[in-house]
Structures are given as structure tokens and as C-alpha cells.
Amino acid sequence: MKKRRLFRILSIAIFLLIWEIAALLVSKPQIFPMPIDVLIAFKVLLLSTGPAGVEWAGELLGHSLISLTRVVAGFCIASLSGILLGIVMGWWQPIRNLIEPIIEILRPIPPLAWIPLAMLWFGLGFKPAVFLIWLGAFSPILLNTIFGVESTSKNLIETAKTLGAKQRELLLKVVIPSAIPAIITGLSVGFGVGWMCLVAAELTGCNSGLGFMIMYYHWTMEPAKTIVGMLMIGFIGLLIFMILKRIENKLLAWREEI
Amino acid sequence: MVSGIKRAIVLITVILLLIICSGVHCAPPPEGEVRIGYLLGDLHHLPFFIALEKGFFKDERINVKVIGPFDAGTVEMDALVANQLDMGYVGTPPALIAAARKVDLSIIAGVNAEGSALIVDETINNVSDLRGKKIATPLPGSIQYVMLGMLLAENNMSYRDLEIFPGTIKPPDMPGVLETGHINGYIAWEPYPAEAVVMGVGKLLVESHDIWPDHPCCVLVTRNDFAEENRAIVQGVIRAHKRAIKFIGENPEEAKSIAVKYTKLNAKIIEEALPRIKFNYMVNVDGTRRFVKEIVSLGETGVISPIIRSEEVPDIDIFISKVIDLSFLEG
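Residue numbers (our numbering), protein chains in the order written: chain G, 3 to 260; chain A, 1422 to 1752.
Incorrect hints may have been included.
As the list claims (entries may be wrong) - In silico contact screen, one side only, chain G against chain A (beta carbon under 8 Å); selected entries:
1. Lys30
2. Ile33
3. Leu122
4. Gly125
5. Leu126
6. Gly207
7. Cys208
8. Asn209
9. Tyr218
10. His220
11. Trp221
12. Met223
Please keep in mind that the hints were generated in silico from the structure rather than gathered at the bench.
These numbers come from a predicted model, not from an experiment.
The beta carbon of each residue, even a glycine, is placed where N, CA and C say it ideally should be.
Make the full structure from the sequences, and use the hints.
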């Protein structure tokens, strides 16, 4: 364990050293800042006034909070719509046949391609960003739910039917509980994809959020601040991933016990 | 025999003199290649399109490699820093921001003055109606953003009296968003104001000429290391650029059709927009100085996050004299 930690620290130290040497060789701070510049930018962004509404939080944390709110909102809507539609499509074949072709056509379109329409349909700020995050998170949740419902053991369904279970009971007491592991995997993947859609989402009619902050400091030619925003997206993403993994393991602990 | 030798000497002398004269006075124009960038759909860059279309660069024996179009001035400046560009048609603010960040470039000619406008929907009939309305602008450091502030100040208002969306919507998207009713108006450079007027989705409230006559706008910049090594090429580009601006004045109809070809916009939009753009190769030095002062003070008073800081330009006069190089225009 100790050895593993040592290697991790060593890996980051080597990465920083290569970065420092590369920046020194390029010697163009306007496009390739040094790690120390990024550290200074981090301090500046932490202490400067935050965006409207969260001035108290400072620029970096304020934008992060706004981004998190948008991602959580988009994710909640995607979870609700994805799970509901997934159960319906997984359980009733005719409905699935009806809806699947549309989803198959729309699914490969990257959220980025929806940006112009998102702004025209939903205006500025919160709504178009949430829409784009929803687009990203929806598909993995939907597909995993369909898969979970579909792969419910036929034996289990037949046994329940023999015991007199009605359609409603069958769905609520057999199919959905059995689909939960797949749904949780879908939620975890969906949140990750939603978080990754963030930069694209916040390019649309937003004047706050980490995606906006990254672009803003690109416009003002301050790449060190852009890098701070990028690292923050990575760091929060990693944190969320770790939390979701822990929740997933806890919720699905019974699977191993069976 | 003697007269024959004399005749030969005279002939050789005449030939030598002719060769020397042609070398001094009729030197062939420079020959070389230059990479020039420009911005997407920006009608202000018409002189560049004209010089390309009419072969003015070729007449100077310069092979122009067109780079772009770039969708933002800063991206074009990034390309300049990364040595992917030698010269560029770009807005004054990105050039100044880059110079403040110690990018070794110079503004060597003007492209146009004015050429922006404030477009609004039917709920606004005069400047005081702007109070409380949703108005989109390009980035906080843009000339249009600064001019909106000037207009508001003239009418005893400030940015805080409006709901401003700076840098939130890219200018090409502004007419469409105005049509949906999500904003009440916008200030932008041409052809985007003209587009809203022609599409019938907005009306012109104020031209930038009425806010700040002759305000600086687009300029021609060069990387200093390129200009030092290729002075003759840069001068050739400027000669072609001057010729193109003269051409627009003398051949407005042909200029319009070239604008349509290069921006791929409807001819009606070009016709609406062109009269508001003043093409001029002179650099507005005083206007540029005033603009830097405005931007520094907007950052210092906390209206916007500082874009050009006073510590980056401790003496604005020295900064301006370093960043603007008029020697190519004069030479």
C-alpha cells in the first residue's frame, strides 16, 4: 500500500517535471504556462470574487458550484426519464419497437452538435446547459435500464406468475429489483458522461460555470487560468466517480452475498 | 579605329549605366510567401478578400497562404504565437490583449473604423428603454462592450441597469436568439446587425458611429520577428491592402459581389451593412489609446474581471508606441 502511494507521488512529480522542462523549452507562457504559473492562477482564482449569486465562494469554487448544480439538475432529469422509459421499453416490446428507431438515430449525435439548437429552444443560462447534460446522461441510463429489465431471469418471472403475481406486482416486486444493479451502473456512467458534457453545455449562452471560465480565460489569453479550470473539472470528476463507486459497492453488496 | 574603340566605350558605359539605374530605381518587387489569417464571416475584412480576388498580392509577387477563418480573434492570436501565422486581419482588442501578454507583435495598418451597431426588438424605441432589458454583447473586452458602456453613461445609466450577456452568445448566433425572444437586443459588428434588419427580426437603434465617431476596429498585425526578416514582403502586403481599400471606394458594386462571394451572405445583408463600415488603412492611434484606458479602468472599477491590467501596461503611451508601428505604412 505504502509502495503504491509512493509510486503515485513519484508519477505526479515526474509529470510536473516533464511539464516544467517542456514549458521552459517552448518558452511561450502565452500558450504553454509553467506549473508555477498555474499554481499562482489557482490562488488568484480562489481568492477573487465569484460569479453573480455566489460571490462569497470565490471565482473557482463559485463556478464549480454553479457547474455542479447544472450537472445534478441535468442528471436528475436524465435519471427520471431514462429509468422510466427504460422500464417501459424493456417490459413492453411493442413500445420498444416504436421508440427504439428514434433513439438509435439520435443517440450517436454528440451533445456538442446540439448547441445551436439548445440556445434557440431554451434561451440562455441554466436551461440549455441542463438540456445538454441531460442529452449526455440519458442514453447510458436508458440503455442500462432496458438491459436490466430484459435480463430478469425468466424462471423468476414464471415462478412469480405461478404464485399468482399480477402484471403490476411482477414489475414492482420482481423485474425492477432485479434490474437495479444494471440501473445503478447506468446512473454511474450517465453522471460521468453528463459531467464530461459540461464544457460543451456551458459554451451555450452561459456566463458562469467551469466551462464558461475555461473559455473566458482562453479569450483573455490567460492559459494558466484555463488549466486551473480544466484541472478542477478533472478533480471534481474523479471525486464524483469515487463517491459513486462507493455507493454502488455498498448498494450492491448483496449481489456478492447471493 | 580610335572612333570604334570610343564608340564601344560609350556603348558599354551606357549599358552599365542602364543596368545600375534599373537596379536602383526599378528594383523588382519582393518575392516570397506570407501566411495571413482572418476571422470567420467578418465583413470588416473585405480589403483582404478584395486583394486576394483581384490579385493585388500577386501583383506584388507575394504568395499569400490564407490561414483560417478563425472564429475568434484570440484563437487567431494563439496561432500567431504558435508561429502558424505571420500576419493577420483581426480586431484591435485581441491584438492589444496579446501585446499586453508580451506577444511580440505590431499593429501595422488599419482595416476599418466604425462598422458596429445596436440592434433591438420592438419593445425598445430609445436608449432609455434599454433599462432592465436583456442585451447581448461580444466579450467584455470588446470594442462593442466598451461602446455600450459609453452609450449608457451618456444616458445616465450603467451596465448594472441592464441584464447584460457578455460573450454569452457568439455574434453569428445573435440574430437567431433575438428572433426567439430570449434577448431584447444586441450590439455587434457587421454583418450581424445588418442580418437582423434584413431578416426583419430587429431594428437598428444606434450605429457605433453615433456613440464613438471613427472608433478603432479591425487592424492588420504582424509578428515582429517575421517583419524584421521580411520587411519587403510586409511592405508589399500593405501596398496591396491600401490598393484594396481604394478599390472598395472606386468600385462599390464589384466590392459588394466579392463580399458576397467570401462571406457567403445574402447580397441584401451586404448592401445594408457596407455603408456603416469605414474602410481606412490609417491606424487610429488616439482611439486605440483611449480604448486601452477604458479597458484598464473597467477592470479596476470591478465592472468586469481585469482583462488588461495596469501593471501590464504601466505607461499606456509607451505601450501604444511599442504596439503600433506606422513605419510600414509610411515606407
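query = Hint numbers the structure violates, sorted upward?
reply = none
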